[in-house]
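Quick note, the sequences are listed as chains A and B, same order. Under our numbering, think of the first position of the first sequence as 101, with each following residue one higher. Under our numbering, think of the first position of the second sequence as 101, with each following residue one higher.
Take the hints with a grain of salt, since some may be wrong.
One copy or two, either will do: identical chains are not told apart, so a pair holds if it fits within one copy or between any two.
[Said to hold, decoys possible] List time: in silico DSS-like cross-link candidates among lysine-lysine, alpha-carbon distance up to 30 Å: (1) K223 <-> K250; (2) K251 <-> K313; (3) K255 <-> K370; (4) K310 <-> K251; (5) K347 <-> K251; (6) K347 <-> K191; (7) K326 <-> K251; (8) K394 <-> K328; (9) K310 <-> K250; (10) K273 <-> K251; (11) K229 <-> K251; (12) K347 <-> K250.
No lab work stands behind these hints, which were simulated from the structure alone. Bear in mind the structure is a predicted one, so any value in this text is a computation, not a measurement.
Protein chains: 2
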Amino acid sequence: MRQRIYNLISTSILYLIFVSFSVAQSAFNVVPLGVKGGGAEGNLSAYMIAPVNSQAYVCLDGGTVRQGIEVAVANGAFAVTADQVSRSFIKGFLISHAHLDHVSGMLTNAPEDTAKFIYAFPKCLEIIKNHYFNWESWPNFGSEGVNPLKKYTYKPLSEGQDIPLENTEMTLKTFSLSHGNPYEGAAFLIQTHGKQALYFGDTGPDEVEKSDKLQKVWETIAPLIKAKTLTGIFLEASYPNEQPDNKLFGHLTPNWIMKEMEKLAVLAGKENMRDLKLIITHIKPTGQNEVIIKGQLSANNALGLQIIYPEQGTAFEL
Amino acid sequence: MRQRIYNLISTSILYLIFVSFSVAQSAFNVVPLGVKGGGAEGNLSAYMIAPVNSQAYVCLDGGTVRQGIEVAVANGAFAVTADQVSRSFIKGFLISHAHLDHVSGMLTNAPEDTAKFIYAFPKCLEIIKNHYFNWESWPNFGSEGVNPLKKYTYKPLSEGQDIPLENTEMTLKTFSLSHGNPYEGAAFLIQTHGKQALYFGDTGPDEVEKSDKLQKVWETIAPLIKAKTLTGIFLEASYPNEQPDNKLFGHLTPNWIMKEMEKLAVLAGKENMRDLKLIITHIKPTGQNEVIIKGQLSANNALGLQIIYPEQGTAFEL
């Protein structure tokens, strides 16, 4: 009997050590506010991210904001109201490109919002300034342009530069992407306490885009994968494999994702890819595409990547 | 016993006659796809409307499209798939003004959509053309501008003119509104088989807008109320009464709605207002505003209007 109690206690202690270790390993808390591409108005690309144990988030893209926060609050991801999350916890938006499905939530929520930063490449900020915050499409909540209300301060990004994300414990390095050449997108490498997470906005494969932009990203991040400090990659899978290359419109399929991951594996070492979390974003929910895309990714995962399908309002750690 | 059976049968017959009569009285079927103002991305202004027993609808504004149709299908409002409703049943969009919360669903759903018409005032079409369908904010699915894909054909409207709504059994007369002077909005009078429904986009009260645009609408529709052919008015209540007049931004409160309804009653006759259905749209869901606005409308309804609060995906007849 004494032996059984002893075993139980030692097992419990080992379990607690294991759990503590796992928790300590996590660097980021992610709250998906919207996870789909296409016409799912209430569930479009937007991911809150902060260091674990911090409430100072940035939002990666801003397709759906309010509805995602409401679902997250209902799920217990936050212990405060949706208004407080939106107004106090989000310190800035990082916008990968200015297509409507990546900014509409940020724009429509601006009237009720507090002062924040918008980080984006200069061309993207120009579109936001000229075509959204212009008093015709929407009041000008930006910091520039016609009669600006100066709620959102534009922070133009330069490729490769490391900059602090204001009012957070994170820094940012940005990569240029090709989203239907010559349309420019962006990938964001978020860094905190020696760990990183990499978020891709919409992008096509290098071969289709006639580009080397993804290859350049792989070259930069391969050392981080080898060093086991890159916690996860958010990458888009808009269409199933059946979508013809000449109708990709600057997007990826499961096949193209895995081809690009193979290129990364050449640089980072196949043996290091098995620990990598691949968070699949931007699935266009037409017909049965969600099921088809998930099946194709699963069937084509020779590298043994840890594939994650984020859900609106369900927080996870990286 | 025989007497009770006789009573039961005659009561049933009377009930059936009553029901048939009521059904025969309805002119329109309405399926709200989105009912709120502000940042509720998945529930923004959009109302499908068709003559009863017709499947040829137009959509009044296009804030939320896909998510609303999905809820409607789940509620049994349609016996076909969401894709079929969107692609086959909606013949055109009537856009009251180009603010993002009235068009974002139409825009983001365009890639999966079929050819349709967009009816709007020329200034509104210019904003859609210059700032949305321009390959920077979104691919150009319009019929004009840079490299148009020509999926949506623009139909510029003239105030007061009666025009057919293509591929439907309805006609349209449009009124100009003031939505934060000098920003122009529109109201749509939809007509079928001698009956009408009147939909207002966003508008401020004449007194605050320094305008007579609402008064002009009341003068035109008063005879229709007297003739009992106007089945309902969709009107916005964005803010509660506590919102100061200098912060209305071209919107209405319960107090201002009822002041405008009093002006209409002067022209149409108070005794005719009790049959009028007032469908309240565009409540901004900040804090407790929904409850407050409903309470204020109810407390201030001396005219005895039939106030209806539409719900996303729940069809009703007018």
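My question is about K347 and K250: at a cut-off of 30 Å on alpha-carbon distance, are they close within one copy, between copies, both, or neither? between (39 Å within a copy, 17 Å between copies)
State whether the alpha carbon distance between K394 and K328 is at most 30 Å within one copy, between copies, both, or neither. within (26 Å within a copy, 56 Å between copies)
At most 30 Å between C-alpha atoms: does K310 with K250 qualify within a copy, between copies, both, or neither? between (39 Å within a copy, 27 Å between copies)
Given a CA cutoff of 30 Å, do K326 and K251 count as a within-copy pair, a between-copy pair, both, or neither? Neither. Shortest intra-copy (41 Å) and inter-copy (48 Å) distances fail the 30 Å Cα cut-off.
Under a CA distance limit of 30 Å, which applies to K229 and K251: within one copy, between copies, both, or neither? Intra 13 Å, inter 27 Å, cutoff 30 Å: intra and inter.
Intra/inter-copy verdict for K347 and K251 if alpha-carbon distance must be at most 30 Å: between (39 Å within a copy, 17 Å between copies)
Using 30 Å as the alpha-carbon threshold, which applies to K347 and K191: within, between, both, or neither? between (37 Å within a copy, 26 Å between copies)
Since the copies are identical, ignore which copy is meant and state whether K251 and K313 lie within 30 Å (CA to CA) inside a copy, between copies, both or neither. Neither. Shortest intra-copy (33 Å) and inter-copy (32 Å) distances fail the 30 Å Cα cut-off.
Since the copies are identical, ignore which copy is meant and state whether K255 and K370 lie within 30 Å (CA to CA) inside a copy, between copies, both or neither. Neither: 37 Å inside a copy, 57 Å across copies.
Tell me, please, which holds for K273 and K251 at an alpha-carbon limit of 30 Å: within, between, both or neither? within (24 Å within a copy, 39 Å between copies)
Evaluate K223 and K250 at a C-alpha cut-off of 30 Å and name the case that applies: within, between, both or neither. both (19 Å within a copy, 26 Å between copies)
Homomeric proximity label, K310 with K251: Cα distance no greater than 30 Å: Only across copies: K310 and K251 sit 28 Å apart there, 39 Å inside one copy, limit 30 Å.
Checked against the numbered hints above, the structure violates hints 2, 3 and 7; every other hint is satisfied.
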